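Trainee: Those protein sequence lines, which keep their order, are chains A and B.
The letter at position 223 of the first sequence is residue 223 when you use the UniProt record's numbering, and the numbering goes up by one with no holes.
The letter at position 17 of the second sequence is residue 17 when you use the UniProt record's numbering, and the numbering goes up by one with no holes.
Misleading hints may appear alongside valid ones.
[Said to hold, decoys possible] Far from chain A by the CB rule (all over 12 Å, computed), these chain B residues:
id: 1; residue: Ala101
id: 2; residue: Trp119
id: 3; residue: Val136
id: 4; residue: Ile137
[Stated by the list, open to error] Quick list of simulated restraints, FRET-style, between CB atoms:
id: 5; chain 1: A; residue 1: Glu217; chain 2: B; residue 2: His130; range: 21 to 27 Å
id: 6; chain 1: A; residue 1: Ser140; chain 2: B; residue 2: Ala47; range: 29 to 35 Å
id: 7; chain 1: B; residue 1: Glu60; chain 2: A; residue 2: Leu288; range: 55 to 61 Å
id: 8; chain 1: B; residue 1: Arg45; chain 2: A; residue 2: Asn60; range: 36 to 42 Å
id: 9; chain 1: B; residue 1: Glu211; chain 2: A; residue 2: His242; range: 47 to 53 Å
Keep in mind that the hints were calculated from the coordinates and are not lab data.
Nothing here was measured: the structure is a model prediction, and the numbers come from that model.
Where is the CB? At the ideal position from N, CA and C, for every residue including glycine.
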Amino acid sequence: MPQSDDTAPRAETEAAGAPAAAPEPAPAAGAHDGDGPLIRFERVVKRFGDNVVLRELDFNVEAGERVTLIGPSGSGKTTILRLLMTLETVNGGVIWVNGDPLSHMRKGERLVPANERHQRQVRRKIGMVFQQFNLFPNMSVRRNITEAPVHSLGVSREEADQRAEELLEMVGLGDKIDEHPTRLSGGQQQRVAIARALAMRPEILLLDEVTSALDPELVAGVLDVLREIARTTDITMLAVTHEMGFARDVSHRVLMFDEGQIVEEGPPEQIFGEPREERTRSFLHAVLESG
Amino acid sequence: MTFDWGFVGEAMPDLLTGLRYTVQATVLGYAVALVVGLLVAIVRRGAPPLVAGTVHWVMEFIRCTPLLVQLFFVFYVLPGVGIELSPLTAGVIGLGLHYAAYTAEVYRSGMEGVPRGQWEATRALSLPAHRVWLAVILPQAIRRVIPALGNYLIAMFKDTPLLFAITVPELLFEANQLGGQYFKYLETMTVVGLLFVVVSVPSAIAIRLLERRYAAV
Numbered sequence: 001m002p003q004s005d006d007t008a009p010r011a012e013t014e015a016a017g018a019p020a021a022a023p024e025p026a027p028a029a030g031a032h033d034g035d036g037p038l039i040r041f042e043r044v045v046k047r048f049g050d051n052v053v054l055r056e057l058d059f060n061v062e063a064g065e066r067v068t069l070i071g072p073s074g075s076g077k078t079t080i081l082r083l084l085m086t087l088e089t090v091n092g093g094v095i096w097v098n099g100d101p102l103s104h105m106r107k108g109e110r111l112v113p114a115n116e117r118h119q120r121q122v123r124r125k126i127g128m129v130f131q132q133f134n135l136f137p138n139m140s141v142r143r144n145i146t147e148a149p150v151h152s153l154g155v156s157r158e159e160a161d162q163r164a165e166e167l168l169e170m171v172g173l174g175d176k177i178d179e180h181p182t183r184l185s186g187g188q189q190q191r192v193a194i195a196r197a198l199a200m201r202p203e204i205l206l207l208d209e210v211t212s213a214l215d216p217e218l219v220a221g222v223l224d225v226l227r228e229i230a231r232t233t234d235i236t237m238l239a240v241t242h243e244m245g246f247a248r249d250v251s252h253r254v255l256m257f258d259e260g261q262i263v264e265e266g267p268p269e270q271i272f273g274e275p276r277e278e279r280t281r282s283f284l285h286a287v288l289e290s291g
Numbered sequence: 001m002t003f004d005w006g007f008v009g010e011a012m013p014d015l016l017t018g019l020r021y022t023v024q025a026t027v028l029g030y031a032v033a034l035v036v037g038l039l040v041a042i043v044r045r046g047a048p049p050l051v052a053g054t055v056h057w058v059m060e061f062i063r064c065t066p067l068l069v070q071l072f073f074v075f076y077v078l079p080g081v082g083i084e085l086s087p088l089t090a091g092v093i094g095l096g097l098h099y100a101a102y103t104a105e106v107y108r109s110g111m112e113g114v115p116r117g118q119w120e121a122t123r124a125l126s127l128p129a130h131r132v133w134l135a136v137i138l139p140q141a142i143r144r145v146i147p148a149l150g151n152y153l154i155a156m157f158k159d160t161p162l163l164f165a166i167t168v169p170e171l172l173f174e175a176n177q178l179g180g181q182y183f184k185y186l187e188t189m190t191v192v193g194l195l196f197v198v199v200s201v202p203s204a205i206a207i208r209l210l211e212r213r214y215a216a217v
């Protein structure tokens, strides 16, 4: 199957050149865990039409690390999460998760765009919480949480039920298990959505502006739940947020984005305390003013 | 011209037999339309482009040709290639396929009404395709389109007299025979109209009730 596979990482031609062969740091297929970053973006390009959202983005996330992405809207933060969740496909470069290509799959020595089955395999390690919750309105809270473990992981119904109860307890909604999501407040819905994502026991949790759609008085409850998860688990977290206090509390590292590139990165104390870049300063200034 | 009430009474048993066929053809044809239309809508959304495209054009073709022609085709042309069907079976298939072309569009609009976030959530949870459809998308999509589907039930019911043309002994067929035999068209056709109303109106009211129940999602 020669030429057509050439489009492998459908690279920004000059950009990715021919990353057809697996790049050096990737361990042999199959065996990974341990060494190397859990998530690795390698010269990732994403375009929507003429609009280049990510231009040759490189960054790594270590296992257990909690990383917050900040920056003006339209800077590509959410796109990063959506690419990881395979809700979007890359236009160039390669995304690696645990040494496995997420956006691509191996075909002999080469990498070709991943098919649906491959993506399903890899993304099982990843959970996502959305800005708009996206709970299934036709199911009870219980079924929202147990549906995927039962039908995607093959967990028994009893086990899934038990896990759902534990998770709801953890997010403070133990008494809502048989409610319908439409009868819950936004904050409660979002906490159910967090429980639903965790029910899949993901290694990586993606949080896409999870409090942006909430009334102000409901934000704290959701953030408290996330703080608790950060404190008690070693789950790898990638959060896009405008809640700077939350970013400061939970993250090991903050990435400041602008126009599809990382402008500055560092531990939260440095980014919020003494930002080096002018763009970071002006962004933080604007956000803190309005908040 | 006087209205012969006595004749109406005599004709009634035959007309009711005809009505039974009418209702039977409607119910069976509607079942075909609901199932085939749903499959078509799913294929058009989920199948590879070539398959989805072919199905689309077949349905478009069906929608652009008259039901009567299709009925003749099923009943008179198919036996030529070895497919012999009873009049009622041919009628059910003809009606069912014709209306499937319409219900498929209704289902499609229902699926489009399901927010994109729902699809994305199923992906984020790695739900297998059959659960995506059966547990998440269809329950939400169908709920939205119950009224529209109901309207096609009534439309189909009113199209059943076309089965007369392929010799199904439905209501109009019986009425026409009685009318011709005794030259009592006024009575028979009036009763036919009334019988249609008697079935249609309650059905319409039932659909209105369903609509009220399911309109607010």
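Trainee: Looking at the structure, which of the earlier hints fail to hold?
Mentor: 2, 3, 4, 5, 9
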